[in-house]
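**Student:** Listed here are the chains, written in short residue letters.
Number of protein chains: 2
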Amino acid sequence: MSNSFSFTKARWSVQQDKKVYDTPVFSLHEIDLVPENEKVTVPFYVLKAPEWINVIALTSDQQIVLVEQYRAGIHASTLEIPGGMTDPEEEPLTAARRELLEETGFSSEKWTNIGITSSNPAILSNYTHLYLAEECEKRAEQRTDGNEDIAVHVMPFREFLDLIRNGTVHHSIVLAAVSHYLLYRGLSPS
Amino acid sequence: MSNSFSFTKARWSVQQDKKVYDTPVFSLHEIDLVPENEKVTVPFYVLKAPEWINVIALTSDQQIVLVEQYRAGIHASTLEIPGGMTDPEEEPLTAARRELLEETGFSSEKWTNIGITSSNPAILSNYTHLYLAEECEKRAEQRTDGNEDIAVHVMPFREFLDLIRNGTVHHSIVLAAVSHYLLYRGLSPS
Chain A
25 MSNSFSFTKA RWSVQQDKKV YDTPVFSLHE IDLVPENEKV TVPFYVLKAP
75 EWINVIALTS DQQIVLVEQY RAGIHASTLE IPGGMTDPEE EPLTAARREL
125 LEETGFSSEK WTNIGITSSN PAILSNYTHL YLAEECEKRA EQRTDGNEDI
175 AVHVMPFREF LDLIRNGTVH HSIVLAAVSH YLLYRGLSPS
Chain P
25 MSNSFSFTKA RWSVQQDKKV YDTPVFSLHE IDLVPENEKV TVPFYVLKAP
75 EWINVIALTS DQQIVLVEQY RAGIHASTLE IPGGMTDPEE EPLTAARREL
125 LEETGFSSEK WTNIGITSSN PAILSNYTHL YLAEECEKRA EQRTDGNEDI
175 AVHVMPFREF LDLIRNGTVH HSIVLAAVSH YLLYRGLSPS
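Residue numbers (this note's numbering), protein chains in the order written: chain A, 25 to 214; chain P, 25 to 214.
Be a bit skeptical, because a hint or two may be false.
Because identical chains share one entry, a pair is satisfied inside a single copy or across any pair of copies.
Listed below are the simulated DSS-like cross-link pairs for lysine-lysine, each with C-alpha atoms no more than 27 Å apart in a straight line [what the hints assert, rightly or not]:
id : residue 1 : residue 2
1  : Lys63     : Lys43
2  : Lys42     : Lys63
3  : Lys63     : Lys33
4  : Lys33     : Lys162
5  : Lys162    : Lys72
6  : Lys42     : Lys72
7  : Lys72     : Lys43
8  : Lys43     : Lys134
9  : Lys33     : Lys72
10 : Lys162    : Lys134
Hint data in this document are derived by calculation from the structure and do not stem from the laboratory.
When you get a sec, could you build the whole thing from the sequences and use the hints?
**Tutor:** Below, the structure is given as structure tokens:
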């Protein structure tokens, strides 16, 4: 943790920031930027969105709790760790506890923030907060929002890693959480 | 690699797909979907974009080649592995070779596809192809596009992992590549 890095590139200056489209999940902004040491203005397109969270949820016998759902972006179903958006004013940890319970019925008393990731710093304004929830137990029924349709799957953590290796689990922010989890646990050759 | 997973959730059906905004990097579509076993139509918002690539570029003495640049989404500079968009009709590996050379001046003769990640299956249509380039050498000068302003940094791979642990490197798709690299190398929680 002792290493530090000194950034050399300054922020570009914002000349204008205009919302050009709004959706329930993000708003699209056209932002006119002036690059460092230049005089021209360049338009960039950025999605502004609330903070997101996701959760590596493990049971006491090292099973992981996963969610399967249809995803409109790729027009296919995915297998992911539980996650979602923070509500307005909601703390990320509160959102993580809420989403895990709503999507899966599982809850935990042992939470660790294992890192943070920029959801996509080129085009998205927000970050995703990455949590580890240990000793998870099923304590309630699933309680999904209006159009959510989620199947819950519980499997050994090692099998989950196999499903990443073979491409079955492929969501970038899920894999970002896994990289932090692997580094958090300390690595050794398998 | 032997594990397989059987998806249980069907694709929702597309009733209408309308482009509502266009940018040089993506187009925003409103897609009206009918959930499985329902009769209502629900609007979703999806960014359609070409395939992306990124590269874990290592020298023969296990240094990693990184790029620092201003990122409009988070209005800050980031430290990342090299990457970018495929050009029309361009193969992902060709794009990876091109982006590594253009952004850093480094090239490699030893390329491995270590995985693929959906850039964000909820809101993005595309995938990012993840490459490992070994025995990289500096063979040219950096040659960036119009408004790119990129600083190249070369550091020991272990130091790069420290910068992930402490949050300095935080791009989700960079971390996705790292998770595949660690699993490819045969590392798992100790």
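**Student:** Taking the hints in turn, state whether each one holds.
**Tutor:** Results for each hint:
In this homomeric assembly, Lys63 and Lys43 come within 27 Å of each other (Cα to Cα) only inside a single copy, at 23 Å, whereas the closest approach across copies is 33 Å. In this assembly of identical chains, the alpha carbons of Lys42 and Lys63 lie at most 27 Å apart only when taken from the same copy (20 Å versus 36 Å across copies). When the C-alpha separation of Lys63 and Lys33 is checked against a cutoff of 27 Å, the pair qualifies only within one copy, where the shortest distance is 17 Å, while the shortest distance between copies is 52 Å. Taking the shortest alpha-carbon separations for Lys33 and Lys162, only the inter-copy value of 22 Å comes in at or below 27 Å, while the best intra-copy value is 48 Å.
For a Cα distance limit of 27 Å, the shortest separation of Lys162 from Lys72 qualifies neither inside one copy, at 34 Å, nor across copies, at 38 Å. Within a single copy, Lys42 and Lys72 get their C-alpha atoms as close as 11 Å, and across copies as close as 21 Å, so both meet the 27 Å cut-off. Taking identical chains as interchangeable, the C-alpha atoms of Lys72 and Lys43 lie at most 27 Å apart whether they share a chain (9 Å) or sit on different chains (19 Å). In this homomeric assembly, Lys43 and Lys134 never come within 27 Å of each other (Cα to Cα): the closest approach is 40 Å inside a single copy and 45 Å across copies.
Proximity of Lys33 and Lys72 under a CA criterion of 27 Å is satisfied intra-copy only: 23 Å inside one chain copy versus 30 Å between copies. Only within a single protomer do Lys162 and Lys134 lie at most 27 Å apart by alpha-carbon distance; the minimum there is 14 Å, versus 47 Å between protomers.
This entry does not satisfy hints 5 and 8, going by the numbered hints stated previously.
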